[in-house]
Each structure stands twice: as structure tokens, then as C-alpha cells.
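Student: Counting in UniProt numbering, the sequence shown runs from 1 upward without gaps.
Calculated from the structure, these hints are not laboratory results.
Nothing here was measured: the structure is a model prediction, and the numbers come from that model.
Watch out, some of these pointers could steer you wrong.
[Claimed, not checked] The calculated lysine to any residue pairs, modelled on SDA-like cross-linking and capped at a C-alpha distance of 25 Å, are:
id	residue 1	residue 2
1	K225	T107
2	K238	T107
3	K225	G266
4	K238	H293
5	K225	H199
6	K153	H82
7	K304	S294
8	K223	V166
9	K247	N220
10	K110	E292
11	K159	S309
12	K241	K153
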Amino acid sequence: MGMRAKVTTLLVIVVAAAAVVALLVLRAATDEVKGKDKNEKICNAGWECSGSKYCCNQTISKLFQVYQFEELFKKRNSPIAHAVGFWDYHSFITAASVFEPLGFGTTGGKMMQMKEIAAFFGHIGAKTTCGDMVVDGGPWAWGLCYNHEMSPKQDYCAKDVKYPCVDGAEYYGRGAIPVYWNYNYGRIGDGLKVDLLHHPEYLEQNATLAFMASMWEWMNPVKEKQPSPHDAFVGNWKPTKNDTAEKRLPGFGATMNILYGDIVCGNGYIDAMNNIISFYQTYLDEMGVGREHSGDNLDCAEQKPFNPSAPSTAPSSSS
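Given the sequences, and given the hints that come with them, work out the whole structure.
Tutor: See the structure below:
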């Protein structure tokens, strides 16, 4: 084995080990959260979901199986795709097993569970497609074509006391819902117990970790006293009077507001917003739910952003 091959193999092992450690730590933390209410009914559904009230519902692998994943992302391993062989169903379910006990894809009945999976994938598909209206299958067939930004337009390094840029690290978009900027790599890395600030490249080297990063974003608010995309979608979030006045209401539209802010929301019915909605609705159709069940407050055209971006740090995608 040549030196280059040895280095590559070692790097894969290191990244995989980081993902395993993150899984174990997060599962331990999840166990602490699950055990707070002793009077709450909890269930065990094997390795995928255990010790939580949410595990009393069907697990994601029961509702959404490998053939459905292949149908949604049918072109991801096409020879002209840019992340051939990277994304797979096993990595998705492995990552989801950390968050299912917290309600990811396991909240409510079957309808809500399927809708949340479609909503989550709607964002992923829209942000990683390399298709257009001309190519085979349209843009919806080409989700998970990328695992990183191909030609970064800026260095995405901003002054930040808590998460300063690290020499040699590059903070361009990576992952399923692409992560941009040093401060986002820092906070997501803290959440996953993986040093993404120093090693942002991990997100383009390990699919399980890349899915976990997106799920962590989905399950956590950007700031305290704000909703997570998950809570905004499944109805856990109760808007304040100020939210209502600024037209921020539960639904798919609010998930775009939280993840992208004024890049997508509050600008009328722009293509950037309509594109994400189209992925969500197409996936609802392909999963057998139907776009007629998209839910209320589908768009964010008139929503005031939760966190308006500063002109100098406005990301080109996920914030």
C-alpha cells in the first residue's frame, strides 16, 4: 500500500471514529433527557429508538424504508453527480437513531411522522440538487448530488469570540443541509461533541456525521426562546403575540425562516423559497402522503425573519 493510500485510509478511520464517539455521547445525553419524567410512558424499539415516549410510535425505518430513500434520491449516484457513493440509507438511519428518542420523525401519528421526514428531506433535496427542469427527472430526482460547495464564493470567516476561525480551516458549505461560517461549525460541533471548528472537513468525509449535523440543526433553535425547525413543524411551538404580528406561524414556512432567514423569507414569493416548497411537496407525493397534506403556513413570503443577517455575514444558503 502506497503512502497516499495509507493516509487516506487513516483519515477515513479517524472521521469514522469521530462519528462513533459522537453517537455514543449523544445517546448518553439523550438518555439523561429521557429519564426526567418518571411518570411518562416510555417504550423501547430496539437499537433505533429506546427509553423515550417517542419510541412508542413507529420508528423511521418502519415508516420510511430503503426503497423509498432510493426513490427520492434516485440520481444521487449517477456518474455525473458530485458525491457518488457518499450518501446512503444506512447512514441516514444511523444518524436518525440519535434523534428519534427526542422526537425526530417519531412525533405524533404516522401522518405527522411522514410529513416531518418529507419536510426534512425537502430542505436537503433543495440544497444538494444538481438537476434542473431539463435533466432527466427534473431537479427533484437529483437531491444529494453534492456533499460540499464546489466553488466557494467567499471564505465564510467572520469575527467571533466564541468560535474564532482556525488557521487552515475552511468554512464553506458542507453537509446535507449545508453548514456555512465558522460560528455555525462551532455551535453544531459543540452540539455533536465533535470538533468541527478545527475540522469542518469531517462533514464531507462521513455521511452519518453529515446527516447528524443537519438533524441537530433541525432539532435545535438558533437562539434561546426561539423554536427549532422540528418544533415549528410538528406544532410544539406556540407563537408569541410578536411572532403572530410578524406573521411567523407554525408550519413548513417557519422551518425555512429558522434555517435561512432573510435569504429566503420575507421577500415575497421568490424562487429560492418556492424551490424548497416544491421539493417538500414532491417528496410528500412520492412518499404516498400527498401534497394536499402539506399543512398550514406553507410559505414564509411575508414572515419577518427570526434572525436578520448582517450584510457582511449573509450566507449563500443555510445560516
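Student: All the hints need checking, so say for each whether the structure fits it.
Tutor: Results of checking the hints against the structure:
no.: 1; hint: K225 / T107; result: holds (21 Å)
no.: 2; hint: K238 / T107; result: holds (16 Å)
no.: 3; hint: K225 / G266; result: holds (21 Å)
no.: 4; hint: K238 / H293; result: holds (21 Å)
no.: 5; hint: K225 / H199; result: violated (29 Å)
no.: 6; hint: K153 / H82; result: holds (18 Å)
no.: 7; hint: K304 / S294; result: holds (21 Å)
no.: 8; hint: K223 / V166; result: holds (24 Å)
no.: 9; hint: K247 / N220; result: holds (21 Å)
no.: 10; hint: K110 / E292; result: holds (16 Å)
no.: 11; hint: K159 / S309; result: holds (14 Å)
no.: 12; hint: K241 / K153; result: violated (39 Å)
The structure fails to meet hints 5, 12 from the earlier list, while all remaining hints are met.
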